[in-house]
Amino acid sequence: MSAALQVRDLNVYYGQIHALRGVSIDVAEGQITTLLGANGAGKTTLLRTISGLLSPRSGHIRIAGEEIAGMEPHLIVRRGISQSPEGRQVFPNLTVLENLQLGAYTRSDTAGIKADLKHVLELWPRLGERLAQQAGTLSGGEQQMLAMARAMMARPKVLLLDEPSLGLAPVIVAGIFETIRAINAAGTTVLLVEQNAHLALKIAHVGYVLETGTIQKCAPAADLLADPSIREAYLGG
Amino acid sequence: MTLFIQQVVNGLSLGAIYALIALGYTMVYGTLQMINFAHSEVFMMGGFFALLLARATGVAENPTLAGVALVAVATMASCALLGAAIERLAYRPMRKSGRLNLLITAIGMSLLLQNSALLVWGTNVPFPDLLPRHTWNVAGVTLSSNNLLVFGVTIALMIGLHHVVERTQMGRAMRAVAVSRDAAALMGIPVDRVIAFTFALGSALAGAASMLWVIDNPRVDPFMGTMPGLKAFVAAVLGGIGSIPGAVAGALLLGLCETMVSGYLSSTWRDAVAFMLLIVILLYRPAGLLGKNVAEKV
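Protein chains in written order, with our numbering: chain A, 1 to 237; chain B, 1001 to 1298.
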């Protein structure tokens, strides 16, 4: 399986703080790869660096073989990586439709955008009912759906998801994970960062465990689910 | 009653020009949370650009309507370039170093432009009469062709601005960048370019304002931007800085206040009242008339 996204020996600093220490991961084409870890382990830092919001001090990030480390964020989106960020970050004073249109900012294929809009509204019919509504008036779950739909509007090769379950009711989370699986089954490669390790490992193919800025483990998701040390640390025993 | 209506006409005319300048303050504040104190100098430079362009094209000697329109458009374009250049050369390198530094840079830029203009062109330069003045007497109220010009141009520009901000992809990008630069970048929006565009757009409106201003007050001066710029800033705060409709509402209100004070009290009081209004707003409604503190849902 070839890597759609490859991270090698990545070192990222926040001022004096060494946040990522020589991180290497492979996100295999067509799979869901999940990144587990406690708060402050560096999961969000890694996603922000991949998206270009942070510049690494050293190391490589390659998408389909092309180096993107240190590239400007909008150029990285053009190369096929889009992100649904932590805390959703929808644009509250813009309508749902405008949020989705911005998701397709880098594209100019009007027909393709129209088709993808139709597609995401089939995935999340709730958004279709609220197209003209300001995104700030949506519930937390709906905002998460919008953040993911917006990221999908870029028609990414690799979709980065940062904590899609954060602060949401279990029944809504279940729906969201079902949709992630469906998006992946339709051909989009996914890198999923999640606190809810159990849910993440159930839909993922491969899992990485990140602790204080270093990769501690990498294994097929099923093996991690069965791993006693993982069960103890992340799955509540 | 006639005096009242007369002052309403004058107030709206003055307020319309303030509004064109105030939009630049409010749009830049909306995207960068900075007060661009050099904005009043973009307005001032617009006056000099108009003068130079009118001379260079011969419109100063033989003013035609088409010629004046051409000079106006070229003035707006020059101001847009100047605004974008100021952002690129002075503000962008300072953007990561804190808001106070940015503010001081803006004040420095303002002084630089004023004194450069003083050095190159001197003070109190007469501006040619470009348009014939007509006045009409409608039931005792004097209406001048300049009033109509100001109203017409301002309304047209507002409609254009509304279209750009609400209906185009660049406008959506501007609003997104105003909410969060990081989230906007994740959409693939080239944030730096959008910020430069915001400066250019606001500066073009200031250029239109200075064109209207010098047609009515035919002289240009390196310090001509100070008072209208300050008033427009007050108007933007009055309406709620960051809010586009707020800037327009604040500017019209301020223009009306000033002309009412001039008409009924004394014109020596008009500036004092404008700044008193600022103090009252800052004390009792710091978010402005149309500004609001948007709560975030987590």
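The hints are simulated quantities; they were obtained by calculation from the structure and are not laboratory data. The structure displayed is predicted, hence computed values, not measured ones. Among the hints, erroneous ones may be present.
Straight-line C-alpha distance at most 20 Å; calculated SDA-like pairs for lysine to any residue [to be verified]:
#1 K1096/B <-> E66/A
#2 K202/A <-> P170/A
#3 K1096/B <-> L53/A
#4 K1096/B <-> Y13/A
#5 K1096/B <-> S55/A
#6 K1096/B <-> G40/A
#7 K217/A <-> R1167/B
#8 K114/A <-> Q1169/B
#9 K1096/B <-> K217/A
#10 K1096/B <-> K202/A
#11 K1096/B <-> P170/A
#12 K114/A <-> M1170/B
#13 K217/A <-> G70/A
#14 K118/A <-> K1096/B
#15 K1096/B <-> G70/A
#16 K1096/B <-> R57/A
#17 K1096/B <-> M71/A
#18 K1096/B <-> K114/A
How the hints compare with the structure:
1. A C-alpha spacing of about 29 Å is found between K1096/B and E66/A, which places the hinted pair above 20 Å, so the restraint is violated.
2. For the suggested pair K202/A and P170/A, the alpha carbons sit about 15 Å apart, so the restraint of at most 20 Å is met.
3. With a CA separation close to 14 Å, the supplied pair K1096/B and L53/A stays within the 20 Å bound.
4. In summary, the hint linking K1096/B to Y13/A is supported, as the alpha carbons are separated by about 16 Å, within the 20 Å threshold.
5. Between K1096/B and S55/A the alpha-carbon distance is near 14 Å, which keeps this suggested pair within the 20 Å criterion.
6. Restraint check for K1096/B and G40/A: not satisfied, since their Cα atoms lie roughly 24 Å apart, outside the 20 Å limit.
7. In summary, the hint linking K217/A to R1167/B is not supported, as the alpha carbons are separated by about 49 Å, beyond the 20 Å threshold.
8. Pair hint K114/A plus Q1169/B holds up; C-alpha atoms about 15 Å apart against a cutoff of 20 Å.
9. Taken as a hint, the K1096/B and K217/A pair is broken in the structure, with Cα atoms around 37 Å apart against an allowance of 20 Å.
10. For the hint pairing K1096/B with K202/A, the CA-to-CA distance comes to about 42 Å; that exceeds 20 Å, so the pair is violated.
11. Among the hinted pairs, K1096/B with P170/A is inconsistent with the structure: their alpha-carbon atoms are about 40 Å apart, more than 20 Å.
12. Between K114/A and M1170/B the CA atoms are separated by roughly 19 Å; this keeps the pair inside 20 Å, and the hint holds.
13. Our distance criterion of 20 Å between C-alpha atoms is broken by K217/A and G70/A, whose separation comes to about 26 Å.
14. A distance of roughly 40 Å separates the Cα atoms of K118/A and K1096/B; the hinted pair therefore is violated under the 20 Å criterion.
15. With a C-alpha separation of about 17 Å, the suggested pair K1096/B and G70/A falls inside the 20 Å cut-off, and the hint holds.
16. Between the alpha carbons of K1096/B and R57/A the distance comes to roughly 18 Å, so the proposed pair stays at or under 20 Å and holds.
17. With a C-alpha separation of about 18 Å, the suggested pair K1096/B and M71/A falls inside the 20 Å cut-off, and the hint holds.
18. Pair hint K1096/B plus K114/A does not hold up; C-alpha atoms about 38 Å apart against a cutoff of 20 Å.
Going through the hint list in order, the structure does not satisfy hints 1, 6, 7, 9, 10, 11, 13, 14, 18.
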